[in-house]
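Asker: With chain A's structure known, arrange chain B with the ligand on it following the hints.
Each protein sequence line maps, in turn, to chains A and B. Per our numbering, the very first residue in the first sequence carries number 1; after that it's consecutive. Per our numbering, the very first residue in the second sequence carries number 1; after that it's consecutive.
Among the hints, erroneous ones may be present.
[Claimed, not checked] Below, computed lysine to any residue pairings styled on SDA-like, alpha-carbon distance capped at 25 Å:
#1 Lys123/B to Ile16/B
#2 Lys111/B to Ser59/A
#3 Lys123/B to Thr3/A
#4 Lys123/B to Ala20/A
#5 Lys64/A to Tyr100/A
#6 Lys64/A to Lys62/B
#7 Lys62/B to Ala87/B
[Claimed, not checked] In silico contact screen, one side only, chain B against chain A (beta carbon under 8 Å); selected entries:
#8 Val54
#9 Arg55
#10 Met68
#11 Ser69
#12 Pro70
#13 Lys123
#14 Pro126
#15 Thr142
#16 Arg143
#17 Pro148
Don't read these hints as lab results, they were simulated from the structure. From a predicted model like this one, the values you see are computed outputs, not experimental measurements. Using N, Cα and C, we set each Cβ at its ideal position, and we do this for glycine too.
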Amino acid sequence: MLTLQCPYCGVWAEETELHAEGEAHLKRFGPGSDDEAFEAYLFMRENPKGVHFERWRHSNGCGKFFHAARSTTTLEVFGTYPAQTLEPPQEIKDKISAKYPGWSWREFA
Amino acid sequence: MSNVVSALNGVSRSGIAVVEETGLRGMVTVRGDLASKAMGKALKDVIGAGVPEVRQISSGDKGAVAWMSPDELLVICDHGAADEVVAALNAALAGAHVLVVNVSDARAVFKVSGQSARDVIAKVAPVDLAPEAFEVGMMRRTRFAQVPAAFWMNANESFEVICFRSVAQYVFDLLAVASAEGSEVGFFN
Ligand SMILES: [Zn+2]
Chain A
1 MLTLQCPYCG
11 VWAEETELHA
21 EGEAHLKRFG
31 PGSDDEAFEA
41 YLFMRENPKG
51 VHFERWRHSN
61 GCGKFFHAAR
71 STTTLEVFGT
81 YPAQTLEPPQ
91 EIKDKISAKY
101 PGWSWREFA
Chain B
1 MSNVVSALNG
11 VSRSGIAVVE
21 ETGLRGMVTV
31 RGDLASKAMG
41 KALKDVIGAG
51 VPEVRQISSG
61 DKGAVAWMSP
71 DELLVICDHG
81 AADEVVAALN
91 AALAGAHVLV
101 VNVSDARAVF
111 KVSGQSARDV
121 IAKVAPVDLA
131 PEAFEVGMMR
141 RTRFAQVPAA
151 FWMNANESFE
161 VICFRSVAQY
171 VFDLLAVASA
181 EGSEVGFFN
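Chain A with its partners taken away, still in its complex shape:
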């Protein structure tokens, strides 16, 4: 059972109190962007074996969206953080680096 701490209300919520909301840190390309950027925004997703950044929603709770950094192979959770950010906090990146030196995910490393 996956347990994530909601960074807004502090609850250690088990998976069934949450809803998975796909990949984190997507940059939106809407009207006016070129087709390739729009297609990438809509369809192109990371599918890593290892470090991954996801968006979750505390749907049966405070209702807020947040981000989680975890490993898709070990299910280790490196941390959760509020969604009002464009990149993972340094502290979480450091935690990942300690475990997976040289990791990278999209533009983050």
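Answerer: Relative to the frame of chain A, chain B with the ligand by itself:
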């Protein structure tokens, strides 16, 4: 004036715990900047309660105020007072970016009491109900089996549960089964 009735007409069932629909309750959703001075003053003036800390419920002479999310509170008061509370809060918060709505009739309220109350709640919600983990003064939004619900605990270790009125029957049936005679777990008592 229409005859206002609660969802299940005060139904109750008793087994290892007593489950009862408490009847009509005033509930007012307040959204806005919880840290603002205006919010603190408005709640103090209208309800007599302070802005609750994260996941807490505070009480005053005219009701209670529960923390729902970083920008949302739930004021709990007498059913008949809800419209006045909305008007008073709107007046006190005039000019601020807020939303104050009477949601009383969209909800149902249940009380779960008795020695096994903690066990009964723990059967249906993914929440740590150990005495050291869940105490008086806390407010917990979660799910009860398949539907959203929230609860807090009174001083006598009885629980008050709120849910949407549309699922009142489901929640009552669920709690009735969870508190059926002979279904003791004995984990918390
Ligand atoms: Zn939350």
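Asker: Against the structure, test the hints numbered earlier, and report the numbers of the ones violated in rising order.
Answerer: 5, 6, 13
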